[in-house]
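*Asks:* Please work from the sequences and hints to get the whole structure.
Number of protein chains: 2
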Amino acid sequence: MRLKSYVCGQWHEGGREATLLRDATTGAVIAEASTEGIDFQRVLAHAREVGGPALRALTFHQRAAIIKSLARFLTERKDEFYTLSYATGATKSDSWIDIDGGIGTLFVYASKGMRELPDSRVYVDGAPEMLSKSGTFVGQHICTPLEGAAVHINAFNFPVWGMLEKLAPTLLAGVPAIVKPATATSFLTECVVRRIVESGLLPEGALQLVCGSAGDLFDHLSCQDVVAFTGSASTANALRTHPSIVAKSVRFTAETDSLNSSILGPDAAPGTPEFDLFVREVVREMTVKAGQKCTAIRKALVPAAACEAVVEALRASLGKIVVGDPRLEQVRMGPVVSLAQRREVREQVARLQREAQLVHGGDGAFEIAGADSDKGAFIPPTLLLCRDTASATAVHEVEAFGPVSTVIPYRDMDEAIALARRGGGSLVSSVFTADDAAAAHLVLGLAPFHGRILVVNRSCAKESTGHGSPLPHLVHGGPGRAGGGEEMGGIRGVLHYMQRTAVQGTPDTIVAVTGRWMRGAKPRDPGVHPFRKPFHDLAIGDTFFSAEREVTLEDIERFAELSGDRFYAHMSEADAARNPLFGGRVAHGYFLVSAAAGLFVDPAYGPVLANYGIDGLRFLKPVKPGDRIKVRLTVKEKSLRPTQGYGEVRWDTEITNQNAEPVAQYDVLTMVSERAIP
Amino acid sequence: MRLKSYVCGQWHEGGREATLLRDATTGAVIAEASTEGIDFQRVLAHAREVGGPALRALTFHQRAAIIKSLARFLTERKDEFYTLSYATGATKSDSWIDIDGGIGTLFVYASKGMRELPDSRVYVDGAPEMLSKSGTFVGQHICTPLEGAAVHINAFNFPVWGMLEKLAPTLLAGVPAIVKPATATSFLTECVVRRIVESGLLPEGALQLVCGSAGDLFDHLSCQDVVAFTGSASTANALRTHPSIVAKSVRFTAETDSLNSSILGPDAAPGTPEFDLFVREVVREMTVKAGQKCTAIRKALVPAAACEAVVEALRASLGKIVVGDPRLEQVRMGPVVSLAQRREVREQVARLQREAQLVHGGDGAFEIAGADSDKGAFIPPTLLLCRDTASATAVHEVEAFGPVSTVIPYRDMDEAIALARRGGGSLVSSVFTADDAAAAHLVLGLAPFHGRILVVNRSCAKESTGHGSPLPHLVHGGPGRAGGGEEMGGIRGVLHYMQRTAVQGTPDTIVAVTGRWMRGAKPRDPGVHPFRKPFHDLAIGDTFFSAEREVTLEDIERFAELSGDRFYAHMSEADAARNPLFGGRVAHGYFLVSAAAGLFVDPAYGPVLANYGIDGLRFLKPVKPGDRIKVRLTVKEKSLRPTQGYGEVRWDTEITNQNAEPVAQYDVLTMVSERAIP
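Protein sequences, first through last, are from chains L and U.
Letter by letter, the first sequence follows residues 0 to 677 in numbering that gives the first Met the number 0.
Letter by letter, the second sequence follows residues 0 to 677 in numbering that gives the first Met the number 0.
Check before you lean on any hint, since a few could be wrong.
Copies of the same chain look alike in the list, so a pair counts if it works inside one copy or between any two.
[What the hints assert, rightly or not] Keeping only pairs whose Cα atoms sit at most 30 angstroms apart, straight-line, the calculated DSSO-like set for lysine-lysine is:
id, residue 1, residue 2
1, 521, 637
2, 620, 521
3, 67, 91
4, 77, 91
5, 67, 620
6, 91, 132
7, 132, 67
8, 132, 461
9, 77, 132
10, 623, 637
Don't read these hints as lab results, they were simulated from the structure.
*Replies:* Dropping the structure here:
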C-alpha cells in the first residue's frame, strides 16, 4: 500500500524513494510513504489562500457545527480505524484512547465553541479598558484568526488523537492545518483523513496531510503561520532554531520529553483505598500503549516506609499482564511501535539500571502471546527501584519511552516535591492522598514545574480520568523539559491560533469593530419597543429608554413584606444612619432591578420568551425614598441557537436616578424567538 | 562617575575594562560601566533563593501595595531623574514619557492588582471545568509564580519606562527581576534603582541591576526563568537561540524592530479634522525622542489624492521643529542617543532614498540650537515620499531608528491594508477616519499583523493617548518582525511570569488548593448566622441553609403590582401556556432572588454593610405557584480592603425547589465590616 499525502486539493503519492511502514507485532511491511515531488511552498499557499479565507468566512458557531458533524461522521466509521490501529501495536483499549479520545476532543471543542464563543468572527478578549476620563477614548482587546497555516507535527503514539486534539482548536480559530504525522503510524492518520476528505464537511484547503518527510516546508514559513510540535526534545530544538522560525518569530509550541511523577501521599499506607488506587494507576500507566505516552508515570514517589509494600504490590500486579499480539483478547499489552524503538528503550533501561535496581521485567526472557519476539517489538513491563535518591540523576533525565517506571522512596513531602521538580519541568504529576491539606501542599509545590496535576482519593477515583489522559478542557503541556508549550485548555487552545490586538478609539468605533455594543456608544432607535422584535430584527445598539418612577418609602415597606428581606439598612432610619455607606434608609437593590424590569418590560405575548439570567450587576449608588429612577436597555450581543428556534440576546442595562447618575449597571439575558409569534 | 551594578544585595563597581557613556548632546563622558567580576550564577541564585521566596510570601494585594508605595516614592524624586535624563538627548517632554510614563505604569498595575487580582497567592484562572457526571471529579486552572528570575533586557531609548513597564507585572506576579538596561543610557536607570534600593520598599533580592555586559548570565538559565527582551531583531535572535534558552525551553519574549504604519482614511480629505490630526500625529511621532521609539510611525499611508497635501502639511510643520540641546526651552527635538546611532540612521536613510524621494531634512546642513553637530548626534526630521509602491521593499524592511518617516500613497483601503501588512508584523498601526465602517474594515484587515491599533477621529482626539504610547492596560508587542512577544495588557502581563497548571480532583481538593469555595465542596457550619460574623471571622465554606418558602399565585400578583413587571409569562395562564419554555404561569426571576434574600438575610444591625452586586445569575428551572423554594448561601471568596475598614465577601448562592432541583445559581457580593459593630 502506497500512502498518499493530501495536498492542494489532491492525493499525491510521492516519488520512488519511500519509507517502509511495518506492523509492530509481525514486522510485515504494511505501507510505504513518500513526499517526493510535493511543492511545500504551494502547500502553504493553498492553506493560506484557499483554506484560510473559507474558514474565516464562517462564524465560530458555524465552525463548531462543522466540527460536531465531523465528530459524528467519524464515530460512524470508527470500526475501520480500530482494525487498522492494531498494526501500530495498540490493543483495543489503547485504540479507544486514540480513536474515541480523539473524536471526543472534537465533540468537546464543538460544544465549547457553541457555548463559550460568540456567533461571530471576532473574539472579544476581556472587558473594555477605560482609558480616558470622559469616556471618549477606550480600549478593547480582540482576537482574529492568523492568516497563515497551522503546521502540526505529531508523534507516532497517537496517530488519531494527536491529529484531532490539535485540529479542533485550530479549525475553531478559523485557521487551516497542515498535518504531518510521524511516518511510522501515518497509515492510520491517512485513513482518517481520507474519510474526512470524503465527508466533504471541511472547506477545501482547511486540512492537508503530509505522509512522510516535510521537505523544505519550514523554509517557507511566515509570521502568520504557527507550528505545533509533539515529539522528542532534540527534534523540537532543531525546529525551534530553524532560521525561518527565528527570523520571522513564527509561533512555535512544543510538547516533548517529560519525566512525570506520581506521588503516594504520606497518609496512604498499605490497606488504604489510595494505596490501592496508586498501584493500579502506576500499572495502568506502565502498560497502556506499552508505556509510549508522554504523560506516563516514569517516577513513582512513595513514602520510604511504604516502599517495599508498593514494590511488592506492583510486582504482583505486573506479573499478571499478558504481553503479546494486541489482536488477541487476553492480551493486556502489545509491542512498542518498532524494533528501533525497542532498541532505544532497552538502552535507556540500561542507563537507568546503573543507578536503580531492576525489580520486575527487564532484559530476560518473557512470555509473548501469539507473536514472535524477533519480529514484534515486545518489551516486558519493567520496574526499577532507585534507593540512592541523593545522587541519582538518570531517573530524572532519561525518558524510557516504553513500559518502564522507577519507584523512588521519599522521606517527607518536601523531598517528594524536590524529586518531582528534578524532572526539570513535566507535563503532569499526580498525588494519591485522602488528606486535602497534604494535597494542597503538594500541588502548590509541584505547580510551577507542571502543566497538569491530578489529585486522586477514594471520593473521585471512580470518576477520575486518570494520570495519563490530557483532556480538551484542560491545558496539555509543561515547562522546561516538557517543551514549554501549551495546547488545548478549552478556548485557550483556540486563542493560540489567533492574534490578540488592542484596539483603541471611541466606543462607537469599538462597536463597529467587535459587533458588540458597549456603554458610551450611540444608542439606536429600534422604531418599536424592542420586545416586539423577533431575534433577527433586533439590531446591535437597539435601545429602549423607560419612563421614570419615584421610589417611595411605601415601596420599600411593601417590598420588605413581600420578599421577607427586612435588612436594617432598608427598614430602620436609625440603624441605616449608622451604616458608613448609606447614612439613612435605602431601597433594596433587588427592588431596583425588579422595578427596572417593570419599567422596561413590554408585557404582551411576543417574541421574548424568557429572562434567563443577569451578569455583572453592580449597585453604584444608594437609592433613597423620593429618588426617581429610569432605565436604559440596549441590545449588546446576539447569539442564535439555530436548531432551537430562538437566540440569546444580551442587553446592556443601566438604571439612573433623577440626577442622571447611574445607580445600577448589569447585563440582562433573554431568549428571543426567531419568529414574531413563537 | 563609575556606574555600579546592584547584585546579591550589594553595589558592585566592576573591573578595569569599562564602557564609556556619553552625553548625547555634548559628547562628554559622563559615566563608565563595567560588570567585570560579577558572578552571574550567584546573581541568579540570589534572585531565586532570596528575592523569590520573599515575594511569594506576599499576596497579590500586598505586592500591589508595595508597587503603589514605590510609585509614590519615585514621584517625589522625579526632578533628579528629569535632570539626568537630558544627557540621554531627551527633551523635557520626552522625559515625561519615560519618567512619568514609567511611574504611571506602576500606579496602573498597583490599581489593577488590587481590583482584578485576589488577595491571595494563587491566581484562579477561569471557571471550574466539570469533568464528570456526578461532580466528584472537576478541573480548575491555577497560576503560580515561576520560581526563577525574570531577566529584563531593555533598550536605550526608555531607561526608566523600559524598566518599570516590565518590573510592575513581574513583581505583581511574585517574581524577582534582574534588570539589564542598554549600557548607553544606564546611568539614568542606575539612579532610579539607587532610589528604589534606598526606599527599602522591595524585599531584598526582588530587584537586581546589571550596568554593562550580562556576561555569562544566559548560560545559567533554568526552566523557571523568563527573559523579556526589548531591542534589535538581530540581538533578539542571537539570544533566542542561545543553547540554554533552547535546551530548557526558557520563556523568551521579544519586542524588536517594527515598521509601523499610520493610515489616513479615504474620507479624511484636507480640511477635515482627521486630516489635521493625522499630520500632527506623524510630526509628533517623528520628533518625540528624536524618533527613537519602536512604536513610531515609519510609514504614513495616505490616499493618493491627498498625497501632495499631506506632504506639504508635513513639511510646513516639520520646518518649525527646533532641533538642538534638549536643555533649552525652545528646543522641540534633541539628538539621537549617540554618534554611532546617528551613523546607523544615516545609512538607513540612504537605503530608503534608493526607492523614495527626500522631501524634508536629510543629509544637508540644518540649524542646531545651542549645540555642536560634530559632538552631538543631531539629525533633522527627515521625510521621504515613496511613489513606486509596487516595487519598493526597503520602506517595509528598514527601520531608520531616528526622526524618519516615509509617505506612501494608496489607491483603496485594501491596498492600504496590504502596504501595512508588508511590515511583516508590527507593534502598532493607527487609522485616522471619521467613518466607523471604514475604521472597522481597516482594523480587521490590520489586526492579524498588529499588536495594537489606534483609531482617531474628532470625537476622541482630545483624549487619545496617541499612536506611539503603549499603555499598561493594553498589550504591547506584535507578531513577526516586531518579535512575536506580548508585554503588559493588564493582568495578561502578570500571567506571563506565572505557570498555568490544570488541577484535577474533588471539589474539596480544589478548594484546599485555591482557597476559593466551589459548588460540590463540603459546606462548613459557621456556628452562628454568617451575617453576624465580621470579615475576619468568616471562613471560606461557611454556609447558611435557609428555611423553605412556598411561592403562591398571590406572591406573583403582588410582585407584578409592586414592580410593574406584568410580563405575560407571569400574568396569563393562557399566554404562558403558549410559551415553549414554561407551559404555564411562572414566578418572576426577580421575585425569586428577592425572596431568596428574604430567606437568607439576617436583618439586625451588624457587620454586613451592603449588597453591592450579583454575578453570573442563571435561572435554571421555572418556579410555578405551589413550588417551595429554599436557599443555600456559602462564603466563596474574601478580599480585604485594608484602608477602608471592610472587605468584600462573595457568596455562592443556590435556590432549590421542593425536589432539591436548582432553580437559580449566582454569586452575591457583599461588603462586610472588619469589626463586629461598624
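*Asks:* None of the hints should be skipped; say for each whether it holds.
*Replies:* Hints, one by one, checked against the model:
Proximity of residue 521 to residue 637 under the C-alpha cut-off of 30 angstroms is restricted to the intra-copy arrangement: shortest distance 18 angstroms within a copy versus 37 angstroms between copies. Taking the shortest Cα distances, residue 620 and residue 521 sit within 30 angstroms of each other inside one copy (24 angstroms), while across copies they are farther apart (35 angstroms). With identical chains, the CA atoms of residue 67 and residue 91 are at most 30 angstroms apart within one copy only, with a shortest distance of 24 angstroms there and 60 angstroms across copies. Taking the shortest Cα distances, residue 77 and residue 91 sit within 30 angstroms of each other inside one copy (12 angstroms), while across copies they are farther apart (70 angstroms).
Taking the shortest alpha-carbon separations for residue 67 and residue 620, only the inter-copy value of 27 angstroms comes in at or below 30 angstroms, while the best intra-copy value is 46 angstroms. Proximity of residue 91 to residue 132 under the C-alpha cut-off of 30 angstroms is restricted to the inter-copy arrangement: shortest distance 25 angstroms between copies versus 64 angstroms within a copy. For the homomeric pair residue 132 and residue 67, the shortest alpha-carbon distance between copies (21 angstroms) is at most 30 angstroms, but the shortest distance inside one copy (46 angstroms) is not. For a Cα distance limit of 30 angstroms, the shortest separation of residue 132 from residue 461 across copies, 11 angstroms, qualifies, whereas the shortest one inside one copy, 55 angstroms, does not.
For the homomeric pair residue 77 and residue 132, the shortest alpha-carbon distance between copies (25 angstroms) is at most 30 angstroms, but the shortest distance inside one copy (59 angstroms) is not. Taking the shortest alpha-carbon separations for residue 623 and residue 637, only the inter-copy value of 28 angstroms comes in at or below 30 angstroms, while the best intra-copy value is 35 angstroms.
This entry satisfies every hint, going by the numbered hints stated previously.
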